[in-house]
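Chains A and B supply the protein sequences, listed in that same order. So for the first sequence, UniProt numbering puts the first residue at 1; every next one is plus one. So for the second sequence, UniProt numbering puts the first residue at 1; every next one is plus one.
Hints should not be assumed to be uniformly reliable.
Because identical chains cannot be distinguished in the list, a pair is counted as satisfied if it fits within a single copy or across any two copies.
In silico DMTMM-like links for lysine to aspartate or glutamate, alpha-carbon gap of 20 Å or less [said to hold, decoys possible]: (1) K24 with E182; (2) K24 with E53; (3) K24 with D91; (4) K133 with E10; (5) K24 with E121; (6) K24 with E87; (7) K194 with E68; (8) K194 with D9; (9) K24 with E139; (10) K133 with D79; (11) K194 with D116.
Think of the hints as simulated: they come from the structure by calculation, not from any bench.
There are 2 protein chains.
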Amino acid sequence: MSQFSPLIDELIEALRCLPGVGPKSAQRMTFQLLERNRPGAQRLASVLARAAEQVGHCRSCRTLTEREECPICADSRRDQQTICVVESPADVLAFEQGGDYRGLYFVLMGRLSPIDGIGPEDIGVDLLVERVKALGVSELILATNPTVEGEATAYFISEQMRRLGVPVSRIAHGVPLGGELEYVDSGTLAHALKGRQRFE
Amino acid sequence: MSQFSPLIDELIEALRCLPGVGPKSAQRMTFQLLERNRPGAQRLASVLARAAEQVGHCRSCRTLTEREECPICADSRRDQQTICVVESPADVLAFEQGGDYRGLYFVLMGRLSPIDGIGPEDIGVDLLVERVKALGVSELILATNPTVEGEATAYFISEQMRRLGVPVSRIAHGVPLGGELEYVDSGTLAHALKGRQRFE
Ligand SMILES: [Zn+2]
Ligand SMILES: [Zn+2]
Numbered sequence: 001m002s003q004f005s006p007l008i009d010e011l012i013e014a015l016r017c018l019p020g021v022g023p024k025s026a027q028r029m030t031f032q033l034l035e036r037n038r039p040g041a042q043r044l045a046s047v048l049a050r051a052a053e054q055v056g057h058c059r060s061c062r063t064l065t066e067r068e069e070c071p072i073c074a075d076s077r078r079d080q081q082t083i084c085v086v087e088s089p090a091d092v093l094a095f096e097q098g099g100d101y102r103g104l105y106f107v108l109m110g111r112l113s114p115i116d117g118i119g120p121e122d123i124g125v126d127l128l129v130e131r132v133k134a135l136g137v138s139e140l141i142l143a144t145n146p147t148v149e150g151e152a153t154a155y156f157i158s159e160q161m162r163r164l165g166v167p168v169s170r171i172a173h174g175v176p177l178g179g180e181l182e183y184v185d186s187g188t189l190a191h192a193l194k195g196r197q198r199f200e
Numbered sequence: 001m002s003q004f005s006p007l008i009d010e011l012i013e014a015l016r017c018l019p020g021v022g023p024k025s026a027q028r029m030t031f032q033l034l035e036r037n038r039p040g041a042q043r044l045a046s047v048l049a050r051a052a053e054q055v056g057h058c059r060s061c062r063t064l065t066e067r068e069e070c071p072i073c074a075d076s077r078r079d080q081q082t083i084c085v086v087e088s089p090a091d092v093l094a095f096e097q098g099g100d101y102r103g104l105y106f107v108l109m110g111r112l113s114p115i116d117g118i119g120p121e122d123i124g125v126d127l128l129v130e131r132v133k134a135l136g137v138s139e140l141i142l143a144t145n146p147t148v149e150g151e152a153t154a155y156f157i158s159e160q161m162r163r164l165g166v167p168v169s170r171i172a173h174g175v176p177l178g179g180e181l182e183y184v185d186s187g188t189l190a191h192a193l194k195g196r197q198r199f200e
C-alpha cells in the first residue's frame with residue numbers, strides 16, 4: 001500500500017481513529033472525499049481542528065462545550081431545582097431528543113471504576129455537591145447506565161446526597177439491563193424518566 | 001439538538017459527509033474524539049486539510065496523488081508495456097494488494113454514462129490513447145466493473161485500441177475463489193458459465 005501515495009496512505013490511516021472505521025471503510029471514505037467531496041473534506045478538517053482545540057468542559061455541569069457554560073446550564077427557563085446525573089454528553093443528547101425533561105444535567109464524564117483508578121474526584125463529585133448546595137436542588141435524578149459500574153456510581157452519589165438531605169431518584173423502567181443509555185430510543189427514555197423511583 | 005453546543009453540533013453535521021455515517025454514528029464519533037482522542041482528531045484534521053488541498057491527478061495515469069506522477073508510474077521496474085484500465089483508485093489498491101500485477105494502470109476516474117453526461121473526454125480516453133502510443137504498449141487489460149456501464153466503457157476503449165492495433169484483454173468474471181456456488185448470484189453464474197475454459 002505504501003507505494004501508492006504517501007499523503008493518501010496517511011489519510012487512510014488517520015481516519016482509523018474514528019470508532020468503527022476499519023481499513024476498508026477508511027479507504028472508501030478517503031476516495032469518496034477526494035474524488036467527490038472536497039468542500040465537505042475541507043469543512044470537516046476545519047471544524048474538527050477548531051473543536052479539538054476549543055471544546056472544553058462546562059464549568060457548571062462538566063459536559064463538553066466550547067463555552068464557559070453550556071447552553072442548557074445558561075438557560076434560565078430550565079428548572080434549576082432538578083439535576084439529572086448522566087455519564088456522558090451523549091446521554092444528555094439522548095434525553096434532550098426525548099424532549100420531556102426540563103431540568104439541568106450533571107455529566108460525570110465517566111463512572112466510578114476502582115480497577116481503572118477512576119475515583120470520585122475524577123467524575124466531579126465535589127463539583128456536583130457544590131452545585132446541588134448552590135442551587136438548592138429539590139431532586140437529583142440518577143441516570144447512570146444500568147451496568148455494575150453505573151449502579152455503583154449511582155449508589156455512591158446517593159450516599160453523598162443523603163448526607164445533604166437531598167431527595168434522590170433513579171430512572172428505572174424501560175432501559176434494558178446491560179444496555180447503554182445513548183442507544184435507547186427516546187420513547188423508552190421518556191418512559192424510564194416518568195417511572196423513576198426513590199433511590200434508597 | 002441545537003441547544004447543545006454550536007461547535008459540537010457543527011462537528012456532528014460535518015462528519016456526515018463521510019460515506020456510511022448517519023446521525024447516530026456521527027454523534028458517537030464526535031464524543032469519542034473529543035472525550036478520548038484529541039491528538040487523533042488534530043492529526044485527522046491536519047492530514048485531511050492537506051490532502052483536500054494538495055491531492056490532484058497523476059499526469060500519466062490519472063489516479064489520485066499529491067505528486068505530479070504517482071509512485072507506480074514513476075517506478076521504472078514496472079512493466080511499461082502493459083496497462084490495466086480501472087475505474088477508480090480503489091481498484092488500483094485492490095490489484096496492488098493482490099500483488100501479482102507488475103504493469104502500469106490507467107484510472108478512468110469514472111465510467112461512460114451518457115445519462116449522466118459522462119463521455120469519453122471525462123474519463124480521459126484521449127490521454128489513454130496518447131499514453132498507449134508513447135509507451136508502445138503490447139497489452140491493454142480492461143478491468144472496468146462488470147456492470148452495464150462498465151461493460152460499455154470496456155467495449156468503447158477496446159474499439160479505440162483495435163484502431164491502434166493494440167491487443168486488448170478483459171479480466172475474467174466468475175465465481176470468486178473460495179466462494180460457494182449456491183451463494184453466487186445468477187448473473188455471475190451465467191457469466192462464469194459463458195466464460196468457461198477448456199480444462200486440461
Ligand atoms: Zn452545563
Ligand atoms: Zn500514475
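Hint by hint, here is what the structure shows:
no. : hint           : in the structure
1   : K24 with E182  : between (27 Å within a copy, 9 Å between copies)
2   : K24 with E53   : neither (29 Å within a copy, 23 Å between copies)
3   : K24 with D91   : between (30 Å within a copy, 12 Å between copies)
4   : K133 with E10  : neither (50 Å within a copy, 34 Å between copies)
5   : K24 with E121  : neither (40 Å within a copy, 30 Å between copies)
6   : K24 with E87   : between (32 Å within a copy, 18 Å between copies)
7   : K194 with E68  : neither (31 Å within a copy, 63 Å between copies)
8   : K194 with D9   : neither (51 Å within a copy, 28 Å between copies)
9   : K24 with E139  : neither (48 Å within a copy, 30 Å between copies)
10  : K133 with D79  : within (15 Å within a copy, 77 Å between copies)
11  : K194 with D116 : neither (31 Å within a copy, 53 Å between copies)
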